[in-house]
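Enquirer: Fit chain H to the supplied structure of chain U, relying on the hints for placement.
Read top to bottom, the protein sequences are chains U and H.
Counting in the numbering used here, the first sequence runs from 1 upward without gaps.
Counting in the numbering used here, the second sequence runs from 1 upward without gaps.
None of these hints come from the bench; they were simulated from the model.
Among the clues, some could well be false.
Covered stretches of chain H, going by a simulated chain U footprint (3 or more residues, C-beta under 8 Å) [what the hints assert, rightly or not]:
#1 290-303
#2 311-322
#3 327-334
Glycine residues also receive a C-beta, built at the ideal position from the N, C-alpha and C atoms.
2 protein chains.
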Amino acid sequence: MAELFSFAIDHQDKTTRARCGRFETAHGTIRTPVFMPVGTQGAVKAVLPRDLSEMGAQVILANTYHLYLRPGAEVIERQGGLHRFAAWPGTLLTDSGGFQVFSLKALSELTEEGVRFQSHVDGSYHLLTPERSVEVQRALGSDIAMVLDVCPAADAPREEVSAALERSTRWADRCLEAHTRSDQALFGIVQGGLDPVLRRRHAEEIAARPFPGLAIGGLSVGEPPEKMWEAVAFTAPHLPAERPRYLMGVGTPEDLVRCIGHGIDMFDCVIPTRNARRGTVYTRSGKLNLRNARFRDDPAPLDPACGCLACREHSRAYLRHLVMAHEIGAGILCSIHNLTFYMDLIRAIRDAIELGRYGEFQADFLAGRGFG
Amino acid sequence: MAELFSFAIDHQDKTTRARCGRFETAHGTIRTPVFMPVGTQGAVKAVLPRDLSEMGAQVILANTYHLYLRPGAEVIERQGGLHRFAAWPGTLLTDSGGFQVFSLKALSELTEEGVRFQSHVDGSYHLLTPERSVEVQRALGSDIAMVLDVCPAADAPREEVSAALERSTRWADRCLEAHTRSDQALFGIVQGGLDPVLRRRHAEEIAARPFPGLAIGGLSVGEPPEKMWEAVAFTAPHLPAERPRYLMGVGTPEDLVRCIGHGIDMFDCVIPTRNARRGTVYTRSGKLNLRNARFRDDPAPLDPACGCLACREHSRAYLRHLVMAHEIGAGILCSIHNLTFYMDLIRAIRDAIELGRYGEFQADFLAGRGFG
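Only chain U is shown next, with the shape it has when bound in the complex (with noise of 0.2 Å):
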């Protein structure tokens, strides 16, 4: 294995700044672009390790915050870390805990020292430093840890959000300083809303810390997604090309689609599982929503090019009744099936990066004509 850490491009496609890479840590070498499902409380709803494997997920997501307040990081390190506890032999990606503070509305209180918070499982008050993040985050022992950053509100004025910057940076810093773990990678995150003077600006503090990894945090947050794109587009090339980009909580297959062209390396989003739940579902050609009645009678699999369990064993009809039904089952397979198909689609990227026809891939994925 290459060095810990280390980021290899394999290809970089000519006409758009879509690269394939490998990234290398201590539970394996993840294969980028990748997108990562995310297990907030250390599982994927509705879908076992043994789904993840067999639809070639390499990288699971957990959520600093929610693990911390339950079962607790010291529960989790008791039982060994975070793999060993939820049964997850490959990579393992935890947040800071930051975004869920700021986003779940519990955040009580923000100074230089940190942000202190109310836990929505009891109520009771927390403080959450850098120092505390990364302290967390070495417990669970996942294989990258994330910076704890300022998350300001995205209608917050310039000058606020210019100050939450200046604050990420310092706080950067002392996660850098209390970072500890030779097995651990520790990401920056950059942030600045939709302001290409200020992404820019942080992005070249980010980048000037030795961090093996660089994040595009405050997107996705409810901006239309053409500015979410644009604002990917005018960020991604001041975050320098050899160490991976990972966009935090993209995206819709358009999303990944588009933000691998501009040079994005790394995806987690929590859509493909929670629409599944709903019963809408991915396919190469649309997304399905199960609740309509046109598949009360529709013997066909939910995508026939899908070869995941629920396309391999059960019809639309089928899985609209169990939506219908609410039964626990509807969830299992759409989920299984919506992350199959991302895990497919990320593949397809894959192949056609290295085939140097990106452009193409994009303008038929685009186009509405599917993809591989």
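Expert: Below, chain H without anything else, positioned relative to chain U:
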């Protein structure tokens, strides 16, 4: 394969009435005693067909009442029947729909013709007659269908129960008359509550009809378990030994161990899956409630002697976390475990009967010494 619906007794225990046998259906030979997981709406809750196959489930029960209302028997028939619709290649048993009409308080009017009820799905009114129940089960295409019977309240006066039995016998004849599928066995049902005289009378009436199997209904509806065991003990001897005996809606592991000793061959019950979804799991050393704080740091599998996916891959500490965090995975893994426990228990019971030591097995199990 032997003749359809033939029942061969391979071993008859000497000290108890327990026996091992084989019942032939169009979708395979059922080895008895057998426990049938319940798939009310055409799906065992949280457990996929591949997991049912892996644990050795032979028969799945589906509820005619639920499937008739949603998605509708005609939808399932158009998909080629319930086996294909639900992707279950093994044996299927459907009940008549009557029990739900009576027990879900959906009952609107009971006449000689049938029972009028209101749908719990959309409030619409429906008439269920013996002929209609058989017709719906014909459309579903189950391997074993059940007659429609009258289920009087457990505390109904004796005369009312007696009248209900007489009507049930007339309905049984109408079901036999209406039944046409040569690949589907129609089982009779014996009612009579906790009254030995009524049970005997009805058993003799129903056993006089050409049903290839006979069920005991109307038990485990709130009476103390000792009363239920007693009723099974005095009813089973009036069901001819050469036909399989099915105790409907029963029960706990102890119920199975006791009632098999009285000569029962078939069981179905929601207890293992319902308990699983509440975080209660069965082990060879007793029932565990995973909500109990003592499991927080317990690295052991649920049951060290169990080979199910949950026990192979996960610790009690992790499963407790999933239960406390309301993760769907808790219901999936605990359901797989509890059903596997039931399948293992039944296999151990069959082995003990074959070895001529079921008396010992019962004594050990009931003394809390678990099993094999």
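Enquirer: Against which earlier hints does the structure fall short, listed by number upward?
Expert: none
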